[in-house]
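A.B. asks: Sequence:
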Amino acid sequence: MKRLLIITSLFFSIKNVQAQLQVTNLRCEYSTHPLGVETAAPHFSWQLQSTQKNVLQTAYKVIVSDDSLLLKKGTANTWNSNRVQSAASIQIQYAGKKLQSVKKYFWKVQVWDNKGNVAESGIAYWQMGLLKEADWSNAKWIAYENLPDSMRIVPAEHGNGKKEWGKRPNVLPLLRKEFTADKKIKQATAFVCGLGQFELNINGEKVGEHFLDPGWTKYAKQAQYITFDITENVKTGVNAIGVMLGNGFYYIPGERYRKMTGANGYPKVIARILIEYADGTVQTIISDESWKTAPSPITYSSLYGGENYDARLEQQGWSEPGFDDRNWKNVVIASPHKLVSQSAPAVKVMQQFEPVKATQINTGIWVYDFSQNMSGIPGVNVQGRRGDTIKITPAELLKEDGTVNQKATGSSSYYLYVLKGDLEEVWQPRFTYYGFRYVQIEVLPKDNDSTATKIIAIKALHTRNSAATTGNFVCSNKLFNKTYSLIKWAINSNMQSVFTDCPHRERLGWQEQLHLMGNALQHTYDIHSLGKKITADIRAEQNENGLIPSTIPEYTEMHFADGYFRDSPEWGSNVVIMPWNLYRWYGDKEELKKNYL
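Numbering (this note's numbering), first residue to last: 2 to 598.
Since the hints were derived computationally from the structure, they do not count as laboratory data. Everything numeric in this text was worked out from a predicted model, so none of it was measured. Glycine included, each C-beta is placed from N, C-alpha and C at the ideal position. Treat the hints with care, since some could be wrong.
Computed Cβ-Cβ distance ranges for the label pairs, DEER-style [to be verified]: (1) V357 to V475: 19 to 25 Å; (2) T364 to K222: 50 to 56 Å; (3) K330 to K187: 43 to 49 Å; (4) K339 to T364: 52 to 58 Å; (5) K489 to L399: 20 to 26 Å; (6) Q284 to F561: 52 to 58 Å; (7) Y584 to K222: 20 to 26 Å.
As a list, the in silico DSSO-like pairs of lysine-lysine whose alpha-carbon atoms are at most 27 Å apart [said to hold, decoys possible]: (8) K392 to K460; (9) K133 to K595; (10) K479 to K358; (11) K168 to K330; (12) K479 to K98; (13) K293 to K105; (14) K236 to K293; (15) K187 to K98.
Turn these sequences into a full structure, and let the hints steer you where they fit.
C.D. replies: In structure tokens:
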């Protein structure tokens, strides 16, 4: 009995010590379980939690392995930092064996504190990206068609462009490929870049929650590929890959509202799918001439002007195995781009709002108030006749007659949805967004009967960069709280893959936004990875004479007003200020080195 009491007492003492110190929030390259890491020597960080006061870390040990089972046993076959006497828990740089493309690595950390406690973290991981061009395994850029060189408009023309250019409509394509996975799958990874924007589907399901991938860049210098873990999407047997493409900033048609008119090229995609089997063998599927393509139901797409979708043109099962694509044509090979991994958090749908008020303006015309101005897209549930159309117009303001007013934000920008005539149809735009509080819906019938089609439900989907929230403000003063909320929503609506000046009229990365609002940003959101993307954009945009444009990426050159809006130090000075702030906020010396050299 006495021995049992001693053992029980020892057990609870050990549990108490463990509870007094914990290691949490393990991060590699400033993210949790990042994919597509291209840094040769990644940086680690972690946080301590303790039930005691005045606790300080006195030492740490990081171990890394390419096998999680080895790591569980405490074996580090890739790197062992050994015990390091240091209080540092950020910017701990990997110093082990050379890291290999696409490989997954596992790591954990052990820490010691000034109270005599020792704690060990759980296991975290990261996966490397494609570190050199050869790692794409001869994957090719593929497209529905190529833009003739004579139709390229780079840099984009500010405003509507020349009348003789016309509307310049283009095909928004679907692309597909089937493949067979014939063994037990250990892991499957997709590396994809679709320009201007893309959605990836595997076996009929969209992969991930990303919106407007990839992030906007200077396409002549670099484009970003996205790394997806598709292990749960791929099955043993026949599989299908499907990609839907939108225009984004890559191609801006000459129709409806546009801040600029530009054409880098028609939409295209490059992809490599890597399947690792349980027996150690691997299989690669790449984008090449064997893929098939056809027009999608999206008949118009513009980042500025909106989107048209004709549900009658849907091809059921187009991204599923067994689909009959005999009437689809073969893809064409498109021109290449330099590719870099997208390491910043993706833009996603972050909140959903229901209307607080609905006002009928006329027969078949309703205006919905969501009581919050935001960046985003509407989503609708509708039921009606095949061929009837609904027109959805977002806006921040209303006219005196109660209809929506886009005068100050870019007109006309709207969405058209043509019904296929099912019992209930659910739709939301894929490759565009706007700043709005109100949504006007008009039923445009195929005849004079505007009552045959009904709006069942409507919602507002707020989209922004998914950077993690790190802070908040609240006090007893209602005015201060409302002021904070107003500022935060302005930040939210302009925090995309770049920091924009507005979510409707321009959507350009004016550089003063970052250093003027930087402190507010970093106290509210973790913008480290997004900030590194911004500094990379700056380096890609710097002219040979040293000029830093005011808008980055610079899709159109602001030469009016004697060039002031293009070459202005209060904007261009962000080349120095942003990396300095990343050092001040996050201890990041890498961006200082890159931008000061």
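A.B. asks: Now tell me if each hint is right for this structure.
C.D. replies: Hints, one by one, checked against the model:
no. : hint                     : verdict
1   : V357 to V475: 19 to 25 Å : holds, 23 Å
2   : T364 to K222: 50 to 56 Å : holds, 52 Å
3   : K330 to K187: 43 to 49 Å : violated, 36 Å
4   : K339 to T364: 52 to 58 Å : holds, 54 Å
5   : K489 to L399: 20 to 26 Å : holds, 24 Å
6   : Q284 to F561: 52 to 58 Å : holds, 54 Å
7   : Y584 to K222: 20 to 26 Å : holds, 24 Å
8   : K392 to K460             : holds, 15 Å
9   : K133 to K595             : holds, 20 Å
10  : K479 to K358             : holds, 24 Å
11  : K168 to K330             : holds, 25 Å
12  : K479 to K98              : violated, 56 Å
13  : K293 to K105             : violated, 32 Å
14  : K236 to K293             : holds, 21 Å
15  : K187 to K98              : holds, 24 Å
Violation of the numbered hints given earlier is confined to hints 3, 12 and 13; the remaining hints are satisfied by the structure.
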